[in-house]
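For the protein sequence lines, the chains are A and B, in the order given.
Each residue of the first sequence is one higher than the last, beginning at 1 in the working numbering.
Each residue of the second sequence is one higher than the last, beginning at 1 in the working numbering.
Don't take each hint at face value.
Stated by the list, open to error - Below, a list of computed lysine-lysine pairs in the DSSO-like style, where the Cα atoms sit at most 27 angstroms apart:
#1 B:Lys69 / A:Lys57
#2 A:Lys57 / A:Lys11
#3 B:Lys100 / B:Lys70
#4 B:Lys100 / A:Lys78
#5 A:Lys78 / A:Lys57
#6 A:Lys11 / A:Lys78
#7 B:Lys100 / A:Lys57
#8 B:Lys56 / B:Lys70
#9 A:Lys78 / A:Lys14
As the list claims (entries may be wrong) - Computed spacing ranges between beta-carbons, pair by pair:
#10 B:Glu15 / A:Arg81: 47 to 57 angstroms
#11 A:Leu97 / B:Leu61: 23 to 33 angstroms
#12 B:Val44 / A:Val99: 43 to 53 angstroms
What the hints assert, rightly or not - In silico contact screen, one side only, chain B against chain A (beta carbon under 8 angstroms); selected entries:
#13 Ser39
#14 Arg41
#15 Leu46
#16 Ala85
#17 Phe88
#18 Ala93
#19 Thr96
#20 Lys100
#21 Leu101
#22 Phe103
#23 Thr105
These are computed hints drawn from the structure, not numbers from a lab.
Note that CB positions come from ideal geometry on N, CA and C, so glycine has one too.
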Amino acid sequence: GAGVSQSPRYKVAKRGQDVALRCDPISGHVSLFWYQQALGQGPEFLTYFQNEAQLDKSGLPSDRFFAERPEGSVSTLKIQRTQQEDSAVYLCASSPLTVDTQYFGPGTRLTVL
Amino acid sequence: SQQGEEDPQALSIQEGENATMNCSYKTSINNLQWYRQNSGRGLVHLILIRSNEREKHSGRLRVTLDTSKKSSSLLITASRAADTASYFCATDAGNTGFQKLVFGTGTRLLVSP
């Protein structure tokens, strides 16, 4: 079956622009995670959804970051007024239940100029 | 912030040789997982070891866990060029009701033909 997909794969934004990153999890997966991976580093947790409920957003760097999953499937990570330090790869992962193995998408590489 | 560190940061070996990577972490855990990331791609789950386990095998992979030293090692035997990738350990500290993974800094493995 299809894995986790993310779009766009690459995004270049000018500083100050808003961006929206999309994640299509594996069908039926309850849990959805967003991670941020800076160059040369491991991924860092941003936020977690169980179905449509955002249960943990403790990793979001600032109030410019907002994530939603309104129908419990597709999720969007939105970054307002992008800054250069937002440049990173944004990874989405899903899992069937809350404590199962996470399946990662290919990521969206965001470059803020 | 990262949970811990991996050692070495980079490792270069010849095909057929074994590769050993180490991971240290800071807090008590429920389980520890190893992931592989090929250049420009998402993370792939390799193996999970629970806090009450000391050693686990999966194909050419062998993972050990020493909770007293808060450390783990990943051994890849008879390496192949296709094993070239970055390897990350990730810990689940629990108490959240879901797998809130905290990743290490990663080891970049290069396997030359």
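Here is what the structure says about each hint:
1. B:Lys69 / A:Lys57: Roughly 31 angstroms between the alpha carbons, so the hint for Lys69 (chain B) and Lys57 (chain A) is violated.
2. A:Lys57 / A:Lys11: 23 angstroms, holds
3. B:Lys100 / B:Lys70: 18 angstroms, holds
4. B:Lys100 / A:Lys78: 21 angstroms, holds
5. A:Lys78 / A:Lys57: Answer holds: Lys78 (chain A) to Lys57 (chain A) is near 13 angstroms, not above 27 angstroms.
6. A:Lys11 / A:Lys78: Holds, at roughly 13 angstroms.
7. B:Lys100 / A:Lys57: OK: Lys100 (chain B) and Lys57 (chain A) at ~11 angstroms, within 27 angstroms.
8. B:Lys56 / B:Lys70: Within the cut-off at roughly 16 angstroms; holds.
9. A:Lys78 / A:Lys14: 15 angstroms, holds
10. B:Glu15 / A:Arg81: 47 to 57 angstroms: Between Glu15 (chain B) and Arg81 (chain A), where Cβ atoms are some 48 angstroms apart, the hint holds.
11. A:Leu97 / B:Leu61: 23 to 33 angstroms: The hint (23 to 33 angstroms, Cβ to Cβ) holds, given that Leu97 (chain A) and Leu61 (chain B) are roughly 24 angstroms apart.
12. B:Val44 / A:Val99: 43 to 53 angstroms: 19 angstroms, violated
13. Ser39: With Cβ-Cβ at 11 angstroms, over 8 angstroms, it is violated.
14. Arg41: 6 angstroms, holds
15. Leu46: 10 angstroms, violated
16. Ala85: 13 angstroms, violated
17. Phe88: The hint holds - Phe88 (chain B) has a Cβ within 8 angstroms of chain A, the shortest such distance being about 5 angstroms.
18. Ala93: 11 angstroms, violated
19. Thr96: Holds, about 7 angstroms.
20. Lys100: 6 angstroms, holds
21. Leu101: 7 angstroms, holds
22. Phe103: Holds: closest Cβ of chain A sits about 3 angstroms from Phe103 (chain B), inside 8 angstroms.
23. Thr105: 5 angstroms, holds
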